[in-house]
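Using the sequences and the hints given, assemble the complete structure.
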Amino acid sequence: MFRACLYSTKNKSVRVMAIMFMLISIPACSSMGIQPWERDLLAKDSMQLVPDYLDNFMDEHIYFSKEASSGGQGVGGGGCGCN
Amino acid sequence: MSLATCTLLQIAAPLAQAVDSEWEVESAVLFYSESDSRVLAIEPAVYASRDINDDERISLRLVVDALTGATPNGAHASSVAQTFTTPSGRSSYTAAAGQTPLDDTFHDTRVAFGADWDIAIDRVSRITWGGNLSREFDYTSLGASATYARDYNDRNTTLNAGLAFNYDMIGPVGGTPSVLQPMVDPGFTLNRAGADDNKTITDFLIGVTQVISRQTLIQFNYGFGQTDGYQNDPYKIVTVIDPLTGEPATTSGSTFFDTASTGNLPYLYESRPETRDRNVLYFKAVHHFDEDVINFSYRYYEDDWDVTSHTFDLRYRYEMDEGYLQPHIRYYQQDAASFYTHNLELGTDVNPASGAVNTTFASNDYRLAKSETVTLGLKYGLPLGKNSEFSIRGEVISQTVNDGLVPSGEETPDLDAIILQVNYSLLW
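Chains as they are written, first to last, in our numbering: chain G, 1 to 83; chain S, 1 to 428.
I should point out that these hints are in silico values taken from the structure, not numbers from a laboratory. Among the hints, a few may not be true.
[What the hints assert, rightly or not] Here are the simulated distance ranges between beta carbons: (1) T251/S to V16/G: 52 to 62 Å; (2) R192/S to A43/G: 53 to 63 Å; (3) Q99/S to M17/G: 18 to 28 Å; (4) A43/G to L376/S: 26 to 36 Å; (5) G385/S to I19/G: 39 to 49 Å; (6) T105/S to V16/G: 45 to 55 Å; (7) I19/G to P186/S: 48 to 58 Å; (8) A144/S to V16/G: 27 to 37 Å; (9) H107/S to V16/G: 40 to 50 Å; (10) F296/S to V16/G: 24 to 34 Å.
Think of the CB as a built atom: it goes at the ideal place given N, C-alpha and C, for glycine as much as any other residue.
Take a look at the structure:
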C-alpha cells in the first residue's frame with residue numbers, strides 16, 4: 001500500500017516538498033531555540049500544541065462528520081459511521 | 001521526565017510535564033444541536049492520564065455519543081411530495097413539496113474507548129502505542145497506532161513519525177445496498193449486495209516541532225493515508241429526475257421507474273470509489289505574549305476524489321484577573337468530490353427502460369459538495385486551585401453548501417449548529 005502511495009504520480013510534488021522540508025529542518029533549526037532554564041513559558045498548559053484535549057477531540061469528531069477532510073494533527077484516534 | 005503527554009491522537013510534544021503519581025482527569029459534557037430539528041447530540045467524555053513510573057505514562061479516553069434527530073437522505077427538495085422507503089424496507093416516509101428529505105429514523109449511540117501508552121526509550125526519544133475501539137449499532141471501528149518522537153538541538157527540535165491502522169466494519173440496517181440500484185417500495189425485494197462490509201484505513205505522518213524562542217513554538221506535519229474498502233454511506237441516495245419536468249422520474253413514462261409494477265423508486269443508492277488516497281499538510285504556531293496566548297493552525301488537504309480544502313483555526317487566550325476568556329474562529333473551505341452530483345438525469349445518465357446507469361460513481365452527500373464552514377466560539381475558563389479548572393464554551397457553526405446551478409428551491413439547505421460544552425478537570 002505504501003509503495004502505491006509513495007510512487008503514485010498524483011500529489012507527488014506535495015509529498016516531495018513536505019519531505020524535503022522535514023529533512024532540512026534539523027540543521028536549519030540548530031541555530032534556533034532556547035536554553036533549558038528558559039522553558040518557563042513553554043511549560044505552561046496554555047502553551048501546549050493542544051492545550052485543551054477534550055475540546056480538540058470533540059471538534060475533530062464533529063468536523064469529521066460534517067466535512068470531507070480529516071487528519072493533520074496526528075495519527076490514530078478511531079473512526080465512526082457518522083451518518 | 002519528558003514524556004509527551006499533550007496529545008490528541010498522539011501528537012508528540014517536546015515539552016516537559018511534571019511528574020505526578022495521581023490521575024490527571026479531564027471530564028466534559030458536550031451538547032450539539034443542529035437547526036431545523038436535525039441532529040441533536042449529547043456527548044459525555046472522560047480523559048485520564050497518569051505516570052506509571054519515571055519512563056512510562058498511560059492515558060485512557062472514554063466518549064459516549066448519543067444522537068437523535070433527522071439527517072438528509074441525499075435526495076433534494078422537489079416541487080412535488082416525495083415518498084421514500086426506510087432502510088429496513090418495511091415502511092415509508094414522505095417529504096412534502098419544497099421540503100428537504102430527512103430520514104428521521106436516525107438515532108444512534110456510539111461508545112468509543114481509547115488508550116495510549118507512552119514509553120521513554122532514552123533521554124531524547126520516546127514511543128507512544130495507541131489503541132482504540134468504538135461501537136455503534138451499525139458500525140464498529142478497531143485501530144492501533146504507534147508514534148516515535150526524537151529530540152534534537154538541546155530539545156528545541158522534535159521529529160515525529162507515526163503510523164496508524166484502522167479496521168472498520170459496517171452492518172447497515174437492511175444490509176449494504178447494491179450501488180446505483182433503486183430504492184424500492186415496501187413489499188418489494190430490496191436491492192442488497194450483502195449483510196455487511198468493511199474498510200481499512202492506514203495513515204502515516206511525519207512532523208517537526210521547533211522551539212523558536214522562549215515565547216514561540218511551531219509545528220509542521222505532513223500526512224498521507226489510504227482507505228480501502230466500503231466507503232459508501234449506505235443510507236444515502238441520488239435522485240433520478242425527468243429532465244422534461246425537473247421532478248423525480250416517477251411519472252416520466254419510464255418503464256423501469258413504473259413504481260406500481262416494478263417497485264422501483266427514482267432514487268438510486270450512492271456509489272463511491274473503494275480507494276481513497278489522502279495528503280495533508282499541517283502547520284501550527286503557538287505564541288505567548290506578555291500574558292495572553294495565541295494558537296493558530298492551517299491545514300491543506302487533498303485527496304484523489306478531487307477534494308481539496310483549507311482550514312484556518314485561531315484561538316486567543318485572554319488572561320483576566322480571574323480566569324481567562326478564549327475567542328475562537330475557524331474557517332473551512334472545500335471543493336467538491338469529482339463524483340458529487342446534484343442528481344442523475346433520466347435518459348442522459350439512466351436508461352428509462354433498463355435502469356442502467358452510465359456512470360460508475362455518484363453521490364449527493366452534502367459533505368462531498370463544495371462548501372464553507374465558519375465557526376465562532378467563546379470559552380471561559382476558571383482555575384480552581386493549582387490543578388483543577390472549570391470551563392464552559394459556546395460555539396456557533398454555520399455551513400454553506402454551494403450546489404452550483406440548480407433549480408430554485410432544490411438547493412442543499414445551509415446547516416447551522418450550536419455547541420455548548422462544560423469541562424471540569426482535576427487531580428485524583
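Hint check results:
1. T251/S to V16/G: 52 to 62 Å: The hinted range 52 to 62 Å holds for T251/S and V16/G, with Cβ atoms some 55 Å apart.
2. R192/S to A43/G: 53 to 63 Å: 57 Å Cβ-Cβ, so the 53 to 63 Å window holds.
3. Q99/S to M17/G: 18 to 28 Å: violated (47 Å)
4. A43/G to L376/S: 26 to 36 Å: holds (30 Å)
5. G385/S to I19/G: 39 to 49 Å: holds (46 Å)
6. T105/S to V16/G: 45 to 55 Å: holds (48 Å)
7. I19/G to P186/S: 48 to 58 Å: holds (55 Å)
8. A144/S to V16/G: 27 to 37 Å: Between A144/S and V16/G, where Cβ atoms are some 29 Å apart, the hint holds.
9. H107/S to V16/G: 40 to 50 Å: For H107/S and V16/G the Cβ distance comes to about 47 Å; the hint holds.
10. F296/S to V16/G: 24 to 34 Å: For F296/S and V16/G the Cβ distance comes to about 26 Å; the hint holds.
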